[in-house]
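Q: Each protein sequence line maps, in turn, to chains A and B. Residue numbers for the first sequence follow the numbering used here, beginning at 1 and rising by one. Residue numbers for the second sequence follow the numbering used here, beginning at 1 and rising by one.
Hints are supplied without guarantee of correctness; some may be wrong.
Claimed, not checked - If you only want the chain A side, here are some residues facing chain B, beta carbon under 8 angstroms, derived: (1) Met1; (2) Arg2; (3) Gly4; (4) Ile6; (5) Leu7; (6) Asn42; (7) His43; (8) Val130; (9) Arg196; (10) Gln213; (11) Arg219; (12) Arg227; (13) Val305; (14) Ala309.
As the list claims (entries may be wrong) - Straight-line Cα separation of at most 35 angstroms, DSBU-like style, residue types lysine-lysine; simulated pairs: (15) B:Lys306 with B:Lys106; (16) A:Lys87 with B:Lys8; (17) B:Lys106 with A:Lys103; (18) A:Lys175 with B:Lys167; (19) B:Lys167 with A:Lys180; (20) A:Lys80 with B:Lys207; (21) B:Lys355 with A:Lys80; (22) A:Lys115 with B:Lys106; (23) A:Lys87 with B:Lys207; (24) B:Lys106 with A:Lys80; (25) A:Lys80 with B:Lys306; (26) B:Lys8 with A:Lys80; (27) A:Lys80 with B:Lys245; (28) A:Lys175 with B:Lys207; (29) B:Lys167 with A:Lys87; (30) B:Lys306 with A:Lys175; (31) B:Lys245 with A:Lys87; (32) B:Lys306 with A:Lys103; (33) B:Lys210 with A:Lys87; (34) A:Lys87 with B:Lys106; (35) B:Lys167 with A:Lys80.
Unchecked claim - Distance windows between CB atoms, simulated: (36) A:Val251 with B:Met1: 30 to 38 angstroms; (37) B:Gly320 with A:Ala16: 52 to 60 angstroms; (38) A:Val251 with B:Ala71: 25 to 33 angstroms; (39) B:Lys78 with A:Pro91: 43 to 51 angstroms; (40) A:Ala287 with B:Lys78: 51 to 59 angstroms.
Note that these hints are calculated values from the structure, not bench results. Every residue, glycine too, gets a C-beta built ideally from N, C-alpha and C.
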Amino acid sequence: MRHGLILWREDELSLADVTARQVRLQQAIAAAGLDGVLIYTNHVRSAGVTWVSGFTPYWSDGLVLVLRDGLPIFLTALSKRVGEWVKSVAPTFEVAHSPFPGKLAGERLAQLGAKRLGVVELDRMPGGVVDEILSVLPVELSDATELFTAVRGKADRAELDLVRRTDDIAREAFKAGDIKGRLAGDFTGPVERAVRLAGAEECYVAVAPDLSQDRRFIRTGRQELGRTFAVRLSLAYNGVWVRRIETFSAVSEIAARLASVSAELDRVSPAFPANGSISAFRLPYGAELIDWHLEAPHGTRPLKVVADAQTPLAAPVPYGILTTAFTLDGETIVASRPVGLGDSSMREAAE
Amino acid sequence: MIGEIRKKRLIEAMLEAGLDGLVLYGNAWQNDYLRYAADFGILEGEGLAVVTRDGDVTLYLDDELEGERAAVECPEVKTVVADDLIGTVSGVIGRLGNSRIAAGPKRHLPYGLAAQRGDLRFEDATALVDRLLMVKSADELNAVRSAARLADEGYAVFRNAAAVGKKDYELIAEIESFFRNEGVDDNFMIIGVGGPEVRGMAPPLGKILKPGDLVTTELTPCVNGYYVQICRTLVIGEPNEAQRKVFGIYNDALEAGLAVVRPGVTAADIARAENDIFRAHGLGEYVTSEYTRVRGHGLGLFPDTKPHILEDVNTVIEEGMSMIVHPNTYNPEIGYFVHGDSLIVRADGPEILTKTPRELFSVGARRIAA
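Produce the complete structure using the sequences and hints provided.
A: Next comes the structure, spelled out in structure tokens:
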């Protein structure tokens, strides 16, 4: 569940920012000849609704119905008491309550005489919700994932600023970790505390406890740390997700080298385009690339692998998280950084 | 070990029901069905477990990072990462042919999975799995007891962190840091800060604790997949007379509910016992859905599992269930108030799991946040 700070922060993501997104989606809906688009959300599959409204449910689920015009409607089984909280953190849609939100969506669509409804990730929509809609209205359902992805793929300035801010929180939080700790939890506990004190709404921490043995990440805090280890911080702030991986060592000479590599990556990564290529990415001198992948928001998923050495990027993404694994001076290093935040990306987003 | 025990129970239930296969869906919100079969605590993306009557379990995940983690954290389970989760699992099920396959939980099962099954339709596995989730084995109950210890310790951390000037989300930062150090996988937690204007709990809103505030929380740590909850309310400063009086009513309601718990009663009986205390004080209006959701609920691999403790739920309480009784609701004089303890249902009554004293805790108004 989400239980960090969830707030409407007009100075970071304004009503005008969100309205502009809604208008872009509504234009695409009309161009596709649809009466509306339905987007599902729970705290795992939150990204679609968060983008179109700024809202993430802390618990339970809901639907956002975006019609050709007017305010989107958030349909939820959450109580009216919780509805007051929803309105306080997302003044961007109408909130409608029903124990059966799909049925309520069907009723609203029937009132409009709707015939064609697009559904983002139709295959993944909970079957019970689809049954509820169709029990009220025999509407034609079609998959609207491509339509949504095309609109969503263009970043806006507010989003890219939030990515930078979220990454700043992650970078600062890593400083709280105790690299001389014996167990993973000795390092990750203070890091998570720092992330949450900075006002993040969610934080997942994972550790590759001994990079000389295994590069895979696990969640346990009870694992002993090896000579070099990596920590993956996945955090959400104001609806934007960032992952940052840093590699650490308790051995001072190695630690100094790792800090230098980290600083170098911080310098080059933001400007690197989120276009699914790595050919021009600047690894530290002498490094040998082992593996890489690019993650990005996709549909209802906050972050999903969208490209790697075998798979090219299929559609533009608003920003990316590039993860690289490489060897340098005999040590394995894993690093993740946001990409697609350079000046040209920011200019395009502002337009 | 505990995963093997669950798998054995699941296969036995399948055989008893004459099923050839089970398809169980899960995500980090509703993970209980998936975890029961595959023993994986999914965090990102979605998963499906396919279980066959000969005991074969395969976990299908759509997230590469989660697939990597599953391979390390539960190596005994076959894991397949598939971006096209629905197409992949549909193909697997299709190869099972015209056999009896049930799927669940019904409401959350992805639409595409049922659509691709076509005329062969899934049977509904919801009741079969819900029963296994509710009535637990001895090993599962031991896991629940372990989580209870951390619920108590977590609440002590929460109490110690509360101070004038502290923000609500800073309290949660302390708790989460403590839980990560203790190996707690997850924690369901909501909070309320203030007085009569507070009508419920939610994620933190950045409220600053001040003298006279009630600070309510549900704390629900998860250890090895099993959740246990504690609900308590504390006051910043000395409780006033109204707060003390209201605490007495909620404490009586909690004790009345707990006194009823034993095998053979219904969820409704427990709810009625709690609510009768409110009605006796002229507060009957505040036990309706306008002001409160449930009067308790089951606990296990989901923090809000069946049975829901409500006056219209006639689920029979059985030995081996774990649940919380919590008469949480709004009070017009002092605001939203919570008070509840987790328990295991034993033949002779409830085994109370949470040991934090049932009192209205007070944090000195002079304790100022650093």
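Q: Tell me, in ascending order, the numbers of any earlier hints that this structure violates.
A: Violated: hints 10, 12, 14, 16, 26, 30 and 40.
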